[in-house]
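Trainee: Chains as they are written, first to last, in the UniProt record's numbering: chain A, 1 to 648; chain B, 1 to 648.
Among the hints, a few may not be true.
[Unchecked claim] Pairs of lysine-lysine, DSBU-like flavour, derived with a Cα cap of 30 Å:
#1 B:Lys-629 to A:Lys-109
#2 A:Lys-272 to B:Lys-586
#3 B:Lys-629 to A:Lys-629
#4 A:Lys-433 to A:Lys-109
#5 A:Lys-629 to B:Lys-79
#6 B:Lys-272 to A:Lys-629
#7 A:Lys-156 to B:Lys-118
#8 A:Lys-433 to B:Lys-433
#9 A:Lys-629 to B:Lys-586
#10 A:Lys-629 to A:Lys-586
#11 A:Lys-629 to B:Lys-118
#12 B:Lys-272 to B:Lys-586
#13 A:Lys-586 to B:Lys-433
#14 B:Lys-629 to A:Lys-586
#15 B:Lys-629 to A:Lys-118
[Claimed, not checked] Stretch by stretch, here's where chain B covers chain A in the computed footprint (C-beta under 8 Å, at least three residues):
#16 287-298
#17 358-372
#18 522-533
#19 589-600
#20 631-639
[To be verified] The following residues of chain B were derived to be distant from chain A, with all beta-carbon distances above 10 Å:
#21 Ser-251
#22 Val-307
#23 Ala-351
#24 Trp-583
#25 Thr-596
I should point out that these hints are in silico values taken from the structure, not numbers from a laboratory. Beta carbons are placed, not taken as given, at the ideal position from N, Cα and C, and that holds for glycine.
2 protein chains.
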Amino acid sequence: MNRADGDEDGGDGESAELPEAKTPASKLGAATVGPDWTKVSCPCCVSQRVEPLVLVKLGEKVRPETKRWLIRVIGTPQKDGGAALLAHPGEDASGDIIVLSAPRCTLLKATEELGLCKTYHTEELEAFSYNDRDNFKNADNMEVFLTLAERQYIVKYELDGLRAQRDLRVPGLADNYTLQYRDNVYSVNEYFGSSVGFYFSFLDFYTWSLLPLAVLGLTITYFSGEAEKEMDESVSDSPDTSDEDSGLAVSGHIVQAVFSMLWSTVVMELWKRRSSSLSYRWGTMHLAERFAEPRPGFHGDLGVNPVTHRVEPLFSEWQRDLRMALVSVPVVGLFLGLVVLGMMCFYWGEAQVQQLHSDWDSLLSQALLYAPSVLHIAYANALSTVYRTVARSLTEYENHREESAYENHLTSKVLVFTFFNCFAVLFHIAFFKQDVPLLRKRLASLLIVTQLLNQVTEVVIPFLVDRFISAPHRTESEDDPQEDKFRNQSTLPVFPGLFAEYIELLVQFGYLSLFSCVFPLTAVLLLLNNLTEIRTDAYKICKLFRKPFSPPAASMRVWQVAFEILSFVSVVSNCWLLFLSPWLQKVCREGGLSGTNLLLLAVLVEHLLILVKLVMAVLIPDEPGWVRKKREHIEFTSMQALREQKLR
Amino acid sequence: MNRADGDEDGGDGESAELPEAKTPASKLGAATVGPDWTKVSCPCCVSQRVEPLVLVKLGEKVRPETKRWLIRVIGTPQKDGGAALLAHPGEDASGDIIVLSAPRCTLLKATEELGLCKTYHTEELEAFSYNDRDNFKNADNMEVFLTLAERQYIVKYELDGLRAQRDLRVPGLADNYTLQYRDNVYSVNEYFGSSVGFYFSFLDFYTWSLLPLAVLGLTITYFSGEAEKEMDESVSDSPDTSDEDSGLAVSGHIVQAVFSMLWSTVVMELWKRRSSSLSYRWGTMHLAERFAEPRPGFHGDLGVNPVTHRVEPLFSEWQRDLRMALVSVPVVGLFLGLVVLGMMCFYWGEAQVQQLHSDWDSLLSQALLYAPSVLHIAYANALSTVYRTVARSLTEYENHREESAYENHLTSKVLVFTFFNCFAVLFHIAFFKQDVPLLRKRLASLLIVTQLLNQVTEVVIPFLVDRFISAPHRTESEDDPQEDKFRNQSTLPVFPGLFAEYIELLVQFGYLSLFSCVFPLTAVLLLLNNLTEIRTDAYKICKLFRKPFSPPAASMRVWQVAFEILSFVSVVSNCWLLFLSPWLQKVCREGGLSGTNLLLLAVLVEHLLILVKLVMAVLIPDEPGWVRKKREHIEFTSMQALREQKLR
């Protein structure tokens, strides 16, 4: 399925006329000439021009009669089991594409169904109501009323509904969603939808909030006169220099750690406020997903939904819980165990080859020194690939009703694993080996290597690809018929979702908060990295992948929770690392403080910090006052409406 | 103001006829003869009999013309600034009472305004809507439709609204609320309203949930062969015997402590489920307090409420926050400081008199030994009394809009102080003196003394009062006119609120969970205590106090939070106490585990337990599936209503 963005150059190049409209002069692109758009079933939707929104690519072996049948079903009104969309067979009836658009009524009804808020004639955002459409601003001009991302998502939503309802077995329809990108990004939310919008807003917010931490880190490193040494230590491999810890540096580290622990709570709370005001502005605050149709993959015995009183597949809560408890949790646990096993084997192998090398001291044994690392990397990659497939089928098996619940559970599963994979070694060094200098070295090299890799994979390669592969290709297709453009764009790889971007941020945030007292320059490095990251991510999503369908979202959902959990775990880890600090231990011994008392002090500080963080999290309201008032007003109106409706 | 319960003996003894009704035979009690009930303004409310609900006692100096004016205002419809209630001047126009009732329409409109849910004709509970009243079951019979507690609360609510609106300065009206009790308790919620209902449900639930803990405590005490010794230790005053800790007992204590820590989370989660199903059944799930008129004490500049768009006094959020941060928090902190100061002075004085006694060894010095304790008790009591007054004015100054917010803030303030007062000494012993045997002795004596005091104050004294003071008084008034009965009942003391009952439970719960590993028989003693507590509390509220007006409530509110916080703090305290256990320290030293490592172990166990408790709290849903479905259905209906309403 391709998105065909019809809002370029006034859109006339791509607009198509409905046969009923019968305007004389039409400047139709090749894509929309040929057989006509299907007729709209309701008279109010008859319009001068049809905006192609999505392109469905059919399987190779679809015969023309199947295609004709498909087009008919797509155009059938919803009450008769269709999708109430507009379909256009492309060049000719036998081609393997269908261009889709949506009539006004379908768009408006779906807007209501999704629970989006739109501007009322009073200039306030209100939950959209189809019956009251005339009182909403711009409700007659779909290209202003809905964002492009919303219009395209609605087409996909209706198609999914068709599949869910009828379980259509049309070859090729299910697997060949292909997206078309266009590089005129008006605003991220406008074009890519709110889930991508949230990612970029968060990236931006988070990057700028690194600034105070970076300044502090630089100041501390400079004033403790350690700036140069710090960098030397982290890059050089000599363990002897890094063993020396000066008092000034450590007390600087303590300040840095306490500041960054409190900082992380403030940042997450402020982000929550920002996130809620974004979701209000984007009209996604009152999403009604749980009252809508279940997601396509959902199955169960037909029954009456106790909430909406509609007939639909039902699947009991306890059965899902049982599946999660008896299948998903053990399987995920098993994989986490395999990670640990891999790590242990790696350490064991490392010791073995070291032993072997010191015994033999030959070229072979020197080559063997790399074997454990290579094997471990291969093992970790293989495990990770297998795990992703397993996580997907586990989540499918859990049979979630809502798309967002499915996404949340899948994300959580992969997230836990990835995080474990990234941090197992660091935690092992910090908590079992208790080797702070090694941890610092590891961390610095991870940060620097990660950054270099990022720069290469996210700036250089995309630039090369764009320069030498996409660009000629693009100029070449500039004059091509619209349909060919679609086809060409559909050769771009599928957008892999925001998971990789978010996990990158989360792992960064982990380095920053969990081990902030070990390496104060983390924030500086991350700030530099993220400033380029914003640009490269935007470049990537605009240029290198097909435009994704993004469902409306009200928040970062599970990612928000992951960041908050990390921010609390960081207190435990920082207090522990400070306790391990050799300098602090020496000072305490000299000051007559026993090891037990120092530990007690560390525990006390930890509890205090957690308490302070909890109090801050409770005291800072999760939404700004003005959003709360708007939200309560909507609730009040809906309560009143319920009372008044009872009258009839 | 007296409540006059009109549902005794079919109610005909107290029923009064409206002049419009003109039924011939009337068996009116003396209280309702004389001048008539005011006329109802709407024709649908004309009814054969009027149920007297509340009795207002006027000040001594109210003149008949003031009373007549008052009766007129009370009877005026709301749109003209009245309370739309029915008033009856009692015996004659010059008497100092007014008997109040509410016509059907006033009751129904207030039911909608409060957001109560009632049974719809479909047998489902739905938010009541005045316009749709005919579709609700029993909406024509107020005595079945609303509970007695609700009817009486609504009369008070309308009167308060009158006061708030006009700020009436009628002498005697504000301060002379007096309540009348009647001993036919149908069900606690029915008669006393949901806030009292929640207290008794929780007491019942909590008491029975003590059972497994009590059984475990008994088993452990029995099997460690310590049962007798334990009791001896706790009662006897010899510090030498209690210093010996047997290994079996300590490992038993560990089991007990871990079990009780997990138990407390499970109990609180199960209670939340029960609480939500109760609030659904009682129809208080969707209370609309924040959309209703502000509480009478609320003041501010007139403006348009951004949520309801009604003109009412407004007071900005940040101003309230500022008052809380700059006035309330420092003042509360000051009082907590005074508690600590008092405790320190007590310890200092104690040391001084001990010194003095060992120096002088005279009768005077022996008498002086009691001086610090006596002074400390007097100081603590005085402080507590002053604090309550201060807390009330602070909360008044914070100017909360909703009654529930006012209650929550007041309760939190007094709660923190009382809790601090009760536990400061115990925490001092546990964390500074680190003296486990002393803690155990103190705890046992507290538990036993508290129980004995409870039995005396809550069973014996009430029984004596009832037998020798109330009972003769009551038989005497059996044949009296109704009005005199009201007057006699109004001599009963005002119900002091549930604060004392809740704080008693919370302190109990504190003893139980914070120090459970020290004294395993706590649960047994508390179980015995609470079984009598249920009866005595019920007796007290029914017989010894005026019936309170209780606003509808959806949960235990701030108490719920207090219990949950305690349940988490208990992990910290128990792990610390176990670490202090002399036997454990000895065993570890013998096993080659250093003090630091033992502490590390304790910290690890603490973090693990907190993690497990958090996970359990997240995994156990806060409301049963059926309540969730009902709630979502109501939300769905209201969302749909909003859409349909837009049509008009």
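Trainee: Hints first: check each against the structure and report whether it holds.
Mentor: Hints, verified against the model:
no.: 1; hint: B:Lys-629 to A:Lys-109; result: holds, 25 Å
no.: 2; hint: A:Lys-272 to B:Lys-586; result: violated, 50 Å
no.: 3; hint: B:Lys-629 to A:Lys-629; result: holds, 27 Å
no.: 4; hint: A:Lys-433 to A:Lys-109; result: violated, 61 Å
no.: 5; hint: A:Lys-629 to B:Lys-79; result: holds, 27 Å
no.: 6; hint: B:Lys-272 to A:Lys-629; result: holds, 28 Å
no.: 7; hint: A:Lys-156 to B:Lys-118; result: violated, 41 Å
no.: 8; hint: A:Lys-433 to B:Lys-433; result: violated, 35 Å
no.: 9; hint: A:Lys-629 to B:Lys-586; result: violated, 61 Å
no.: 10; hint: A:Lys-629 to A:Lys-586; result: violated, 56 Å
no.: 11; hint: A:Lys-629 to B:Lys-118; result: holds, 28 Å
no.: 12; hint: B:Lys-272 to B:Lys-586; result: violated, 42 Å
no.: 13; hint: A:Lys-586 to B:Lys-433; result: holds, 28 Å
no.: 14; hint: B:Lys-629 to A:Lys-586; result: violated, 61 Å
no.: 15; hint: B:Lys-629 to A:Lys-118; result: holds, 28 Å
no.: 16; hint: 287-298; result: holds (count 3)
no.: 17; hint: 358-372; result: violated (count 0)
no.: 18; hint: 522-533; result: violated (count 0)
no.: 19; hint: 589-600; result: holds (count 5)
no.: 20; hint: 631-639; result: holds (count 6)
no.: 21; hint: Ser-251; result: holds, 23 Å
no.: 22; hint: Val-307; result: violated, 4 Å
no.: 23; hint: Ala-351; result: holds, 25 Å
no.: 24; hint: Trp-583; result: holds, 18 Å
no.: 25; hint: Thr-596; result: violated, 4 Å
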